[in-house]
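Heads up: the sequence shown begins at -10 in the working numbering, then just goes up one per residue.
Derived from the structure by calculation, the hints contain no laboratory data.
Some hints could be false.
To be verified - Once the Cα atoms are required to be at most 30 Å apart in a straight line, the calculated DSS-like pairs of lysine-lysine come out as: (1) 121 to 138; (2) 186 to 128; (3) 138 to 186; (4) 76 to 155; (5) 128 to 189; (6) 48 to 95; (7) 48 to 123; (8) 48 to 128; (9) 123 to 134; (10) 189 to 123; (11) 95 to 121; (12) 134 to 43; (13) 155 to 90; (14) 155 to 43; (15) 155 to 95; (16) 128 to 90; (17) 138 to 189; (18) 95 to 134; (19) 121 to 76; (20) 48 to 155; (21) 43 to 189; (22) 186 to 48; (23) 90 to 48; (24) 121 to 155; (25) 134 to 121; (26) 48 to 134; (27) 48 to 76; (28) 43 to 76; (29) 186 to 123; (30) 76 to 134; (31) 186 to 95; (32) 138 to 76; (33) 189 to 76; (34) 90 to 121; (35) 155 to 189; (36) 43 to 121; (37) 76 to 128; (38) 186 to 43; (39) 90 to 134; (40) 123 to 90.
Computed from a predicted structure; not experimentally measured.
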Amino acid sequence: MRIFSYLIALFFVVSIEAKSENTEGGLLECPRVPISECCSRLWSERCPQPQCAKQVNRKCPERKALIQYALHARDLRRAPQKGETSKCGTPETGYHPCTSKSVANKLFLSCCELYVPPECHFMCEYECDQDKTKLMLTKMAGENKCSFKHLSSILYCASQNRNNTKCCSDLDLNSSQLMVGSRCLRMCDPSGTAIDKITKEDITCLYNWNVIMYCAHSGITEM
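Take these sequences, add in the hints, and give me the full structure.
Encoded structure:
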């Protein structure tokens, strides 16, 4: 599982850095990460890579916390203070999901089995890789088996009736560069506005389906 593997690797990176800080006074070198490696190469969370922002937002939104780390006033590596608990699915943790992808996918599919026809079940997966989500949506549009009229039900099951607009907003799904205003945010809160038809403005939102799914997954904070 891509996100889980990334979290494990990040844990070791942070552990190594903490050891280095104790022995070398906390001075870190921050080599520049090539854009082509933004989604595959690990770097220190204390070394934000702004040149990776666009690539991370498109390909691996779960890494956005690394880029935005410098904006956080709190040092995520310090030991928690008394009465303080680490939280998942929050801005401070980069909206890292609280549940594993395999468990969340089972929950997603079980809901789809109730509200979505079988020909649409292939969409009931928390896929965060943009290339894969593009193939899924191409299949949905090209084979004409799963109608887009079921999109609201799919999004409802993905979100488990939770409002994930803050996550989507923080991951720039309402960015002015998308040129559709806040239209995409309605896909992050399907209980608020029914999506009965797809317009040309929605194509931009669907292009960022991986971000919508990532936020929906991160919104499942308890089972």
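Okay, the hints, checked on the actual structure:
1. 121 to 138: The hint holds at about 21 Å.
2. 186 to 128: Roughly 18 Å between the alpha carbons, so the hint for residue 186 and residue 128 holds.
3. 138 to 186: holds (6 Å)
4. 76 to 155: With a Cα-Cα distance of about 16 Å, the restraint between residue 76 and residue 155 holds, given a limit of 30 Å.
5. 128 to 189: holds (18 Å)
6. 48 to 95: Satisfied, since the Cα-Cα distance of roughly 24 Å is no more than 30 Å.
7. 48 to 123: holds (11 Å)
8. 48 to 128: OK: residue 48 and residue 128 at ~19 Å, within 30 Å.
9. 123 to 134: holds (16 Å)
10. 189 to 123: With a Cα-Cα distance of about 16 Å, the restraint between residue 189 and residue 123 holds, given a limit of 30 Å.
11. 95 to 121: holds (19 Å)
12. 134 to 43: Distance of about 33 Å is beyond 30 Å: violated.
13. 155 to 90: holds (21 Å)
14. 155 to 43: holds (19 Å)
15. 155 to 95: holds (25 Å)
16. 128 to 90: Since the Cα atoms of residue 128 and residue 90 sit roughly 22 Å apart, the hinted pair holds (cutoff 30 Å).
17. 138 to 189: holds (15 Å)
18. 95 to 134: Status holds; Cα separation ~22 Å.
19. 121 to 76: holds (29 Å)
20. 48 to 155: Given pair residue 48, residue 155 holds - Cα atoms ~20 Å apart, limit 30 Å.
21. 43 to 189: It holds: about 23 Å lies between the C-alpha atoms, which stays within 30 Å.
22. 186 to 48: holds (27 Å)
23. 90 to 48: Holds, at about 17 Å.
24. 121 to 155: Holds - the C-alpha atoms of residue 155 and residue 121 are around 24 Å apart, at most 30 Å.
25. 134 to 121: Given pair residue 134, residue 121 holds - Cα atoms ~18 Å apart, limit 30 Å.
26. 48 to 134: Distance of about 27 Å is within 30 Å: holds.
27. 48 to 76: holds (24 Å)
28. 43 to 76: Since the Cα atoms of residue 43 and residue 76 sit roughly 26 Å apart, the hinted pair holds (cutoff 30 Å).
29. 186 to 123: holds (19 Å)
30. 76 to 134: Not OK: residue 76 and residue 134 at ~40 Å, beyond 30 Å, violated.
31. 186 to 95: Distance ~27 Å between residue 186 and residue 95 Cα, so the pair holds.
32. 138 to 76: Distance ~36 Å between residue 138 and residue 76 Cα, so the pair is violated.
33. 189 to 76: With a Cα-Cα distance of about 38 Å, the restraint between residue 189 and residue 76 is violated, given a limit of 30 Å.
34. 90 to 121: This hinted pair holds, its Cα atoms lying about 15 Å apart.
35. 155 to 189: Cα-Cα ~24 Å, so holds.
36. 43 to 121: At roughly 18 Å apart (the allowed maximum being 30 Å), residue 121 and residue 43 satisfy the hint.
37. 76 to 128: violated (36 Å)
38. 186 to 43: The given pair, whose Cα atoms are some 29 Å apart, holds under the 30 Å limit.
39. 90 to 134: Roughly 26 Å separates the two Cα atoms, so the pair holds.
40. 123 to 90: Status holds; Cα separation ~19 Å.
Consistency note: the structure conflicts with the earlier hints numbered 12, 30, 32, 33, 37.
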